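Make the full structure from the sequences, and use the hints.
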Amino acid sequence: MKIGLFGGTFDPVHDEHVKIVTTAIAELNLDKVIVLPAYVSPFKDRADTSSEEDRLNMVRLAFDGIERVEVSDYEIKKAAVSYTSETVTYFNKLYKKDDLYFIMGEDSLKTFRKWNRPDVIVKNAEIVVCGRYGSYVDFDAEQNYFDLHYGKKFIKTDYEGSSVSSTKVRTYSRLNIPLGGMVPEKVGKYIKEKNLYGVNDYTEYLRSVLTEKRLIHTANVVTAALIKGKELKLDSEKVELAATLHDHAKYLDPENYKNFRYKGIPQQVVHAYLGAYLAETELGITDRDVLDAIKYHTTAKAGMTDLQKLIFTADMIEDGRDYDGVERLRELFYTEALDVSFKACLKEECEHLAAKGYELFVETLNAAKYYLKNK
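Each residue of the sequence shown is one higher than the last, beginning at 1 in this note's numbering.
The reader is advised that the hints may include incorrect statements.
[To be verified] Only pairs whose alpha carbons sit at most 25 Å apart, straight line, appear in this in silico BS3-like list of lysine-lysine:
#1 K93 with K78
#2 K96 with K123
#3 K93 with K2
#4 K2 with K156
#5 K152 with K114
#6 K301 with K369
#7 K110 with K156
#8 K301 with K356
#9 K153 with K19
#10 K32 with K123
#11 K152 with K123
#12 K77 with K194
#13 K110 with K123
#14 K250 with K356
#15 K97 with K2
#16 K153 with K114
#17 K263 with K356
#18 K156 with K32
[Claimed, not checked] Across the chosen pairs, the derived CB separations fall in these ranges:
#19 H352 with K32: 47 to 53 Å
#20 G303 with N144: 38 to 44 Å
#21 E331 with Y145: 18 to 24 Å
#22 D98 with D339: 47 to 53 Å
The hints are simulated quantities; they were obtained by calculation from the structure and are not laboratory data.
Everything numeric in this text was worked out from a predicted model, so none of it was measured.
Think of the CB as a built atom: it goes at the ideal place given N, C-alpha and C, for glycine as much as any other residue.
Structure, rendered in structure tokens:
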């Protein structure tokens, strides 16, 4: 038999997980795929992960009724860090006469060489990779690495998945945005009924001041910022807070706030300054880094912190943005150091404003002099 193994934290399982499995079954003619929720991933903090019971329940709901798929609690029952090398070795012994295929998404391929004993994984199973929009993997380079270090190549399916991620699902859920098109219907109901990911403290407030379209933009900025912020080891609560409130004053009239001074601030960026002002005076936020991330998310400024650069950049590249050059900026955001994508976004903004005939606001001009000089 040809048996596939597909593991992950699945917090939560989403539509792309299901499509990866069904694609592998169809393209490789697998007899079955065993889906394995992890007890805890080596790359995640168990304290920040939903319970094993909830994640297992969601995986069972997601794959219910799909032929040739079996959900296993093997890794959960081990009650220890889930190393794929150990799991693949176990199933190779269990199915001695069968051929094993370990299935992963393109995003996992990028870090595969850093996994525990990748050589053992490759020795015990064929590696199957499904493409995913937004992962930006150089497949030729990875194939050469596999050939050089493991003496074999991985199998690349024809499937190209969307940018849906568990982080995005959790963010949308916390902002009470419908999850249709991201998770199987039964999983969506489970998440909602159990309030699995809680509610963002500002969900009700944002819904009172933003349009649905702007709320989705906000959710996309939060998602991008959390993904990159984790890589940068930034405080996730501060990242979520700054990203959540970056546009909260977008449609508020500054004339209604008598103590807010905005003379000399361009109309297009007043909302950012008003947003920081109201976050401090009305929402009670005292963290200066968060307040400045909100204040300068449109203009930038000289001497920004990583959090401030992150919100500025995430706002420009979030999934909903669609303008000439955004794909290149998005790729830089997810593949390069933050400073690389931040400077590229700042340069893009300066060039865009110049092309429109706008004079650069003083803070943007200072930022350009500070970060882009001699570039």
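Quick rundown of the hints versus the structure:
Between the alpha carbons of K93 and K78 the distance comes to roughly 17 Å, so the proposed pair stays at or under 25 Å and holds. Distance hint between K96 and K123 is fulfilled; the C-alpha atoms sit about 13 Å from each other, no more than 25 Å. For the suggested pair K93 and K2, the alpha carbons sit about 14 Å apart, so the restraint of at most 25 Å is met. Between the alpha carbons of K2 and K156 the distance comes to roughly 17 Å, so the proposed pair stays at or under 25 Å and holds.
Distance hint between K152 and K114 is fulfilled; the C-alpha atoms sit about 18 Å from each other, no more than 25 Å. For the hint pairing K301 with K369, the CA-to-CA distance comes to about 10 Å; that is within 25 Å, so the pair holds. This hinted pair checks out: K110 and K156 have alpha carbons roughly 14 Å apart, not beyond 25 Å. Under the criterion of a C-alpha separation no larger than 25 Å, the hint pairing K301 with K356 is consistent with the structure, at around 21 Å.
This hinted pair checks out: K153 and K19 have alpha carbons roughly 23 Å apart, not beyond 25 Å. Note on K32 and K123: the hinted pairing holds, with a Cα-Cα distance of about 20 Å set against a maximum of 25 Å. Taking the CA atoms of K152 and K123, the gap is near 9 Å; set against the 25 Å cutoff, the hint holds. For a cut-off of 25 Å, the pair hint linking K77 to K194 stands: about 23 Å separates their Cα positions.
For the suggested pair K110 and K123, the alpha carbons sit about 19 Å apart, so the restraint of at most 25 Å is met. Annotation: proposed proximity of K250 to K356 holds, straight-line Cα distance about 21 Å (limit 25 Å). Of the pairs offered as hints, the one joining K97 and K2 holds, with about 10 Å between alpha carbons and a cut-off of 25 Å not exceeded. For the hint linking K153 to K114, the alpha-carbon distance of about 17 Å falls within 25 Å, and the restraint holds.
Taking the CA atoms of K263 and K356, the gap is about 22 Å. The hint holds against a cut of 25 Å. Taking the CA atoms of K156 and K32, the gap is about 18 Å. The hint holds against a cut of 25 Å. The supplied range of 47 to 53 Å is met by H352 and K32, whose beta-carbon atoms lie about 52 Å from each other. The supplied range of 38 to 44 Å is met by G303 and N144, whose beta-carbon atoms lie about 41 Å from each other.
The beta-carbon spacing between E331 and Y145, approximately 20 Å, falls within the hinted interval of 18 to 24 Å. Remark: the range hint 47 to 53 Å for D98 to D339 is upheld by a beta-carbon distance near 48 Å.
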